[in-house]
Amino acid sequence: MCLAIPGKIVSIEDAAGLRQARVQFGGIIREASLELVPEAQIGDYVLVHVGFAISRIDEDEAKQTLADLEQMARLTEEVGADEMPEHSVQNGPSRQ
Amino acid sequence: MRYIDEFRDPRLAKSLIADIVRHVTRPWVLMEICGGQTHTLVRYGFDELLPRYIELVHGPGCPVCVTPLDRVDKAIAIASRPDVIFVSYGDMLRVPGSKSDLFQVKAAGGDVRVVYSPCEAVKIAEANPDRQIVFFGVGFETTAPAHALTVLQAHRLGLLNFSLLASHVLVPPAIETLLQSPRNRVQGFIAPGHVCTIVGYKEYEQLAARHHVPIVVGGFEPTDLLEAIRELILQLETGRAEVVNQYARSVSRAGNLAAQQAIELVFERCDRRWRGIGFIPKSGMRIRAEFAQYDAERVFGIEESGAEEASECIAADVLMGLKKPMDCPAFGSVCVPESPLGAPMVSSEGACAAYYRYRRHETQASGEVH
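Chains A and B are the protein sequences, given in the same order. The first sequence runs 11 to 106 under my numbering. The second sequence runs 2 to 371 under my numbering.
There could be a bad hint or two in this list.
Stated by the list, open to error - Example chain B residues on the side facing chain A (calculated, C-beta under 7 Å, incomplete):
hint, residue
1, Glu7
2, Arg12
3, Ala19
4, Ala147
5, His212
6, Ala260
7, Gln261
8, Gln262
Stated by the list, open to error - DMTMM-like mimics (lysine to aspartate or glutamate), calculated; alpha carbons at most 25 Å apart, straight line:
hint, chain 1, residue 1, chain 2, residue 2
9, B, Lys203, A, Glu69
10, B, Lys203, A, Glu49
11, B, Lys15, A, Glu88
12, B, Lys203, A, Asp68
13, A, Lys18, B, Glu7
14, A, Lys73, B, Glu265
15, B, Lys15, A, Asp78
By construction, these hints were calculated from the structure, which means they are not laboratory data. Even glycine gets a Cβ: it sits at the ideal position worked out from N, Cα and C.
Working from the sequences, and respecting the hints, build out all of it.
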């Protein structure tokens, strides 16, 4: 029920006084209301729930999260390489 | 960036699991609140990839699952009227009432329609001025603003034939009830990211402080949930109980103010009964008196049936995180998605439905499913 899908705003129009957008989800385009995200603009990604955009996705925050995870992955791989004998590293750390 | 695939990277997920394994020293019981999170955890097998002593239990965050029987009975009574077009999200149609369900009403000739968005119900009302259109407004805080805006739109259009059967519930009072229960086993919570997108997480800070329990606002993709689990383990292992926002790309501390204003304008808090959990004070939302003409309960005045859930269904213990779906003797035998005993087997977000979809082979292998 609380499912919300990220999609990109491709156009915005005024529909009888309400801010309405066409939002692209992969290969599909659907209408979504922008009444709850007045700041959203064309090109922004929004999370859409039951036909309403509920948030404008913060690209900087998303990049920061991924950068933090990438750093952890590198550290894990380095630690894994130090801790594991050479033949195991070739098989990948998950087989340890 | 498409905000989906990036958060499903197996390499990042593996490193998060490795880091969790590195830090955990004791058994912990964690609960994800939202049914969408439950499905990601079970679908990707995180309950099996993580060390066995990190126990993931599944919370009451599926609004279909917690809608009580007498409310479904009320929906069925309204939908059965010949002057009504009853409009609902698809998940609610198979939820059993005490004697029937909405699918059976439809099969018997009732005009029951499934929509993706409540906006479609308003369009149906505009196109059918001689019929009463009732929308079954089930949902948590995530969905409430959409329903509020729908009522406001009906008001703006001057529609006299649209009403909402409001069945909204709120997450923090349910967590409070869980934490106050003497049977509670949960030591850390993953808070629902889309609920918090709407309301923020200030109320969760009070919960964390009051009960000394860590709460991480989590997203719905695999690395989101592993990151949330990692943060909970780090806090539990070091004795901390803080609220951390893992889902910062969507959630802010204050939440979505426009959505909160819409909710506040149309709804007010009320006491609600939850399927499986019981009565929780101030845990629901009903339509304010100013919008009484859009309140299906007032328009149709149908009494609560007072019906109780089937005794063989263990949904109560599943929704409280005390049992797993496969602990139920009816799971996969007399209770299946096509003919469910309880709502958690119906809803696409229900814990029983998740286990039926992704874990059935395990019970089949042991000969427990016929």
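Hint check, B:Gln262 versus chain A [nearest Cβ-Cβ separation less than 7 Å]: 10 Å, violated
task: Verify the proposed pairing of B:Lys15 with A:Glu88, using a straight-line Cα cut of 25 Å.
output: Since the Cα atoms of B:Lys15 and A:Glu88 sit roughly 13 Å apart, the hinted pair holds (cutoff 25 Å).
message: Does A:Asp78 sit within 25 Å of B:Lys15, going by the straight-line distance between their CA atoms?
response: 14 Å, holds
field: Restraint check, 7 Å cut-off on beta carbons, for B:Gln261 near chain A
entry: 10 Å, violated
task: Grab the minimum C-beta distance from B:Ala19 to chain A and call the hint holds if it beats 7 Å, violated otherwise.
output: Status holds, d = 5 Å.
message: For A:Lys18 and B:Glu7, compute the direct alpha-carbon distance and say whether it is at most 25 Å.
response: 16 Å, holds
task: Would you settle whether the hint for B:His212 is holds or violated, based on the nearest Cβ-Cβ distance to chain A being less than 7 Å?
output: 23 Å, violated
query: Does the nearest C-beta of chain A fall within a distance shorter than 7 Å of the C-beta of B:Ala147?
result: B:Ala147 check passes; min Cβ-Cβ to chain A is 4 Å, inside 7 Å.
query: Per the CB criterion, is B:Glu7 less than 7 Å away from chain A?
result: It holds, given that the least Cβ distance between B:Glu7 and chain A is near 6 Å, below 7 Å.
- request: Have a go at the B:Ala260 hint: is there a Cβ in chain A nearer than 7 Å to its own Cβ?
  value: Nearest chain A Cβ about 5 Å off; hint holds.
- prompt: If you take the shortest Cβ to Cβ gap from B:Arg12 to chain A, is it below 7 Å?
  reply: 6 Å, holds
Straight-line alpha-carbon gap A:Lys73 to B:Glu265, limit 25 Å: 33 Å, violated
Checked against the numbered hints given earlier, this structure breaks hints 5, 7, 8, 14; the rest are met.
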